[in-house]
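Listed in order, the protein sequences are those of chains A and B.
The opening position of the first sequence corresponds to residue 0 in numbering that gives the first Met the number 0, with each subsequent residue numbered one higher.
The opening position of the second sequence corresponds to residue 0 in numbering that gives the first Met the number 0, with each subsequent residue numbered one higher.
No lab work stands behind these hints: they were computed from the structure.
Fair warning: there could be bad hints in the mix.
[To be verified] The calculated DSS-like cross-link candidates involving lysine-lysine, where the alpha carbons are at most 25 Å apart (straight line), are:
#: 1; chain 1: A; residue 1: 186; chain 2: A; residue 2: 130
#: 2; chain 1: A; residue 1: 223; chain 2: B; residue 2: 73
#: 3; chain 1: A; residue 1: 32; chain 2: A; residue 2: 130
#: 4; chain 1: A; residue 1: 130; chain 2: A; residue 2: 73
#: 5; chain 1: A; residue 1: 1; chain 2: B; residue 2: 223
#: 6; chain 1: B; residue 1: 130; chain 2: B; residue 2: 73
#: 7; chain 1: B; residue 1: 223; chain 2: B; residue 2: 126
#: 8; chain 1: B; residue 1: 73; chain 2: B; residue 2: 126
#: 9; chain 1: A; residue 1: 223; chain 2: B; residue 2: 300
What follows is each chain in one-letter form.
There are 2 protein chains.
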Amino acid sequence: MKDFEYYAPTRVFFGHGKEENIGQIIASYGYHKIMIHYGGGSAKRMGLLDRLETSLSAAGIAYVECGGVQPNPKLSLAREAIRICVQEKAELILAVGGGSVIDSAKCVAAGAAAPEIDPWIYLNREKDVEKALPIGVVLTLSASGSEMSSSCVITNEDGWLKRSFNSDLVRPLFAICNPELTYSVSKFQTGCGTVDIMMHTLERYFSTDGEAPLTDRLAEGLLKEVIAAGRVADQNPTDYDARATLMWASSLSHNGLTGLGRDYFMSAHQIEHELSGMFDQVAHGAGLSVLFPAWCRYIYKYAVDRFCQYAVRVWNLEMDFAHPENTALAGIQATEAYFRSLGMPTHLKELGIDPTEAQIEEMAEKATFFGTRTFPDYIPLGKEEIVDIFHLAE
Amino acid sequence: MKDFEYYAPTRVFFGHGKEENIGQIIASYGYHKIMIHYGGGSAKRMGLLDRLETSLSAAGIAYVECGGVQPNPKLSLAREAIRICVQEKAELILAVGGGSVIDSAKCVAAGAAAPEIDPWIYLNREKDVEKALPIGVVLTLSASGSEMSSSCVITNEDGWLKRSFNSDLVRPLFAICNPELTYSVSKFQTGCGTVDIMMHTLERYFSTDGEAPLTDRLAEGLLKEVIAAGRVADQNPTDYDARATLMWASSLSHNGLTGLGRDYFMSAHQIEHELSGMFDQVAHGAGLSVLFPAWCRYIYKYAVDRFCQYAVRVWNLEMDFAHPENTALAGIQATEAYFRSLGMPTHLKELGIDPTEAQIEEMAEKATFFGTRTFPDYIPLGKEEIVDIFHLAE
Numbered sequence: 000m001k002d003f004e005y006y007a008p009t010r011v012f013f014g015h016g017k018e019e020n021i022g023q024i025i026a027s028y029g030y031h032k033i034m035i036h037y038g039g040g041s042a043k044r045m046g047l048l049d050r051l052e053t054s055l056s057a058a059g060i061a062y063v064e065c066g067g068v069q070p071n072p073k074l075s076l077a078r079e080a081i082r083i084c085v086q087e088k089a090e091l092i093l094a095v096g097g098g099s100v101i102d103s104a105k106c107v108a109a110g111a112a113a114p115e116i117d118p119w120i121y122l123n124r125e126k127d128v129e130k131a132l133p134i135g136v137v138l139t140l141s142a143s144g145s146e147m148s149s150s151c152v153i154t155n156e157d158g159w160l161k162r163s164f165n166s167d168l169v170r171p172l173f174a175i176c177n178p179e180l181t182y183s184v185s186k187f188q189t190g191c192g193t194v195d196i197m198m199h200t201l202e203r204y205f206s207t208d209g210e211a212p213l214t215d216r217l218a219e220g221l222l223k224e225v226i227a228a229g230r231v232a233d234q235n236p237t238d239y240d241a242r243a244t245l246m247w248a249s250s251l252s253h254n255g256l257t258g259l260g261r262d263y264f265m266s267a268h269q270i271e272h273e274l275s276g277m278f279d280q281v282a283h284g285a286g287l288s289v290l291f292p293a294w295c296r297y298i299y300k301y302a303v304d305r306f307c308q309y310a311v312r313v314w315n316l317e318m319d320f321a322h323p324e325n326t327a328l329a330g331i332q333a334t335e336a337y338f339r340s341l342g343m344p345t346h347l348k349e350l351g352i353d354p355t356e357a358q359i360e361e362m363a364e365k366a367t368f369f370g371t372r373t374f375p376d377y378i379p380l381g382k383e384e385i386v387d388i389f390h391l392a393e
Numbered sequence: 000m001k002d003f004e005y006y007a008p009t010r011v012f013f014g015h016g017k018e019e020n021i022g023q024i025i026a027s028y029g030y031h032k033i034m035i036h037y038g039g040g041s042a043k044r045m046g047l048l049d050r051l052e053t054s055l056s057a058a059g060i061a062y063v064e065c066g067g068v069q070p071n072p073k074l075s076l077a078r079e080a081i082r083i084c085v086q087e088k089a090e091l092i093l094a095v096g097g098g099s100v101i102d103s104a105k106c107v108a109a110g111a112a113a114p115e116i117d118p119w120i121y122l123n124r125e126k127d128v129e130k131a132l133p134i135g136v137v138l139t140l141s142a143s144g145s146e147m148s149s150s151c152v153i154t155n156e157d158g159w160l161k162r163s164f165n166s167d168l169v170r171p172l173f174a175i176c177n178p179e180l181t182y183s184v185s186k187f188q189t190g191c192g193t194v195d196i197m198m199h200t201l202e203r204y205f206s207t208d209g210e211a212p213l214t215d216r217l218a219e220g221l222l223k224e225v226i227a228a229g230r231v232a233d234q235n236p237t238d239y240d241a242r243a244t245l246m247w248a249s250s251l252s253h254n255g256l257t258g259l260g261r262d263y264f265m266s267a268h269q270i271e272h273e274l275s276g277m278f279d280q281v282a283h284g285a286g287l288s289v290l291f292p293a294w295c296r297y298i299y300k301y302a303v304d305r306f307c308q309y310a311v312r313v314w315n316l317e318m319d320f321a322h323p324e325n326t327a328l329a330g331i332q333a334t335e336a337y338f339r340s341l342g343m344p345t346h347l348k349e350l351g352i353d354p355t356e357a358q359i360e361e362m363a364e365k366a367t368f369f370g371t372r373t374f375p376d377y378i379p380l381g382k383e384e385i386v387d388i389f390h391l392a393e
């Protein structure tokens, strides 16, 4: 087992109607003025913002609003939100939404705590975050795990560069997780979320080194239950227990737990960031649903044992001891078939895009940070290999 | 799934030689004066204290020492340590040891932060802890999980009452977990630790209500790997990976994770506290190894399905659909056989004690807080039922 550091300080309030206590919760931390950050307006339309604001007012918490966060959240809006926070002296950012809103809030939290530094500096990895305002979350989408994670992914429209930073300082202070708030999530977005949750664990699971058998079991157990709950939520969007499993799994899948004791790189995520960075209409989960199977088919022959363990333990497939490659491939096929059963795409064209060869080359080039890095995967992946993976996804 | 709150803020530094950074770690939190709290002297004899003190001095951290914590830690020593902390103005308690030392440190942390309140007030549940000094841990025994938990168990020699309190305020700030520090733990203590780790998950697993399938899978996965690692560590005490699995499992098993979404009561723990409270020579893990199988045999017929799931998923036993009780019983037998394979006792006599009927009655009486509570188990357990469980353990 590799050495590791584990730190997941977010206090999770999980269950029915927990968002009704938002005012009380924020007051218990001693804050008086906050910024509510949210997305395209569904939180407003569905009355959630009203309910939160009623609770905040009752607890004597003042607030300003900044909505309009888009999927693949944009740097320009984060900069605008930072301006508002500084001007209004907000003490905490309350993210009401899913991963995009939370990631935007993280960028705002870092930017507002040190307004003299443009947040692109962090995203471009020129400097580590040194302080950040506290962040609270009211989660409305089970997918990204950003509610407990240290990572923040933002797209800079200037060049359409999608970049990320990691900092323990932006791990949310608390997260309110009420599965009922995800009942209205569409079939497609539920599928995207299920894929994204699985991917955060799968990309840690398929790491190149180290034995971490306890971590393996936690990962495999989580995957089995996400697969089952994803099926139920797809058929019955108001099944509380299925929504609850997805919601809690989204947090556990990206708070570090399912990768401890291994080094991991998350190749498919790295490639997908370029895809949805260039094609803004691509939902992150849908992009992963296309790229992960392609990555698997490219890489599995370099890690047959690992792919067999996955096939046998997660998908309950028979081990073919004479031809282990068959078992490995069957596990990949099972994954792909599952994604398709949720209505998820597994080919680039199904994303409604048809990238040219030049665009594929450009995405691969960007993924290698313009030739300055190769991916430390089972075999090193450079520009050429990433182009091959894109072709396998066609 | 039941509503829950999850909060596990302890920063875990896990792996080889991590204790060498103790000075730097404490300095990073801004503390300058600490109290080192430890046990019977093995930390001193093995040179661990020297190494820690070298690191502390290099980082400019002043320290006072208070050793002598015994298994089933005593209130009198905690009171003495509180006096020293207050007098020396210690800002942090560094627990160097296992669960007894950490629990004692928690009592000291609460007591020293509010010296006007005797800590028995918290243990006797007359008042909640309202403040506590921060606690750091250098873990030398994989067992109690106290390094990430909110619970503190202390024995008051005045009446030999073993009582506990829970408070998020005493969850350690950080824990340094180097599996190598457990290489020298004896076969017997390793067995006790393995049982204790399993029990923290098992007693959450066998809870009376609620379906929490994701939590089940995490619990089952953890149990499978603890069982495997316990066997290896028993045979080869310096197997790093086995020691690492036990150490990380000890933290996960008692930080809340393996019980989320269920209500649980931990009947065997409650009964065991009375046993080792009355018979000070009884190690907690050994007491559980005797009492848990007895509890299982008493209760399984009221929860056959649950015991079958345990037998099938954790022990890979065949389900006997015609006679599910047989499967349930086979799982209990497998557990007991495993405990015995580690050299653990499964009968009261093997603990080196032979309680009289009057003593059994007294322990049962104390467990019900002198008739003021029954255990909310699969069937309510009062004094009479607890006496029966003791008899099954004979």
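Okay, the hints, checked on the actual structure:
1. A:186 - A:130: violated (38 Å)
2. A:223 - B:73: Cα-Cα ~45 Å, so violated.
3. A:32 - A:130: holds (18 Å)
4. A:130 - A:73: Status holds; Cα separation ~21 Å.
5. A:1 - B:223: Satisfied, since the Cα-Cα distance of roughly 20 Å is no more than 25 Å.
6. B:130 - B:73: holds (21 Å)
7. B:223 - B:126: Violated, because 39 Å separates the two Cα atoms, which is more than 25 Å.
8. B:73 - B:126: The given pair, whose Cα atoms are some 20 Å apart, holds under the 25 Å limit.
9. A:223 - B:300: The given pair, whose Cα atoms are some 29 Å apart, is violated under the 25 Å limit.
Comparing the model with each earlier hint shows violations of hints 1, 2, 7 and 9; every other hint is respected.
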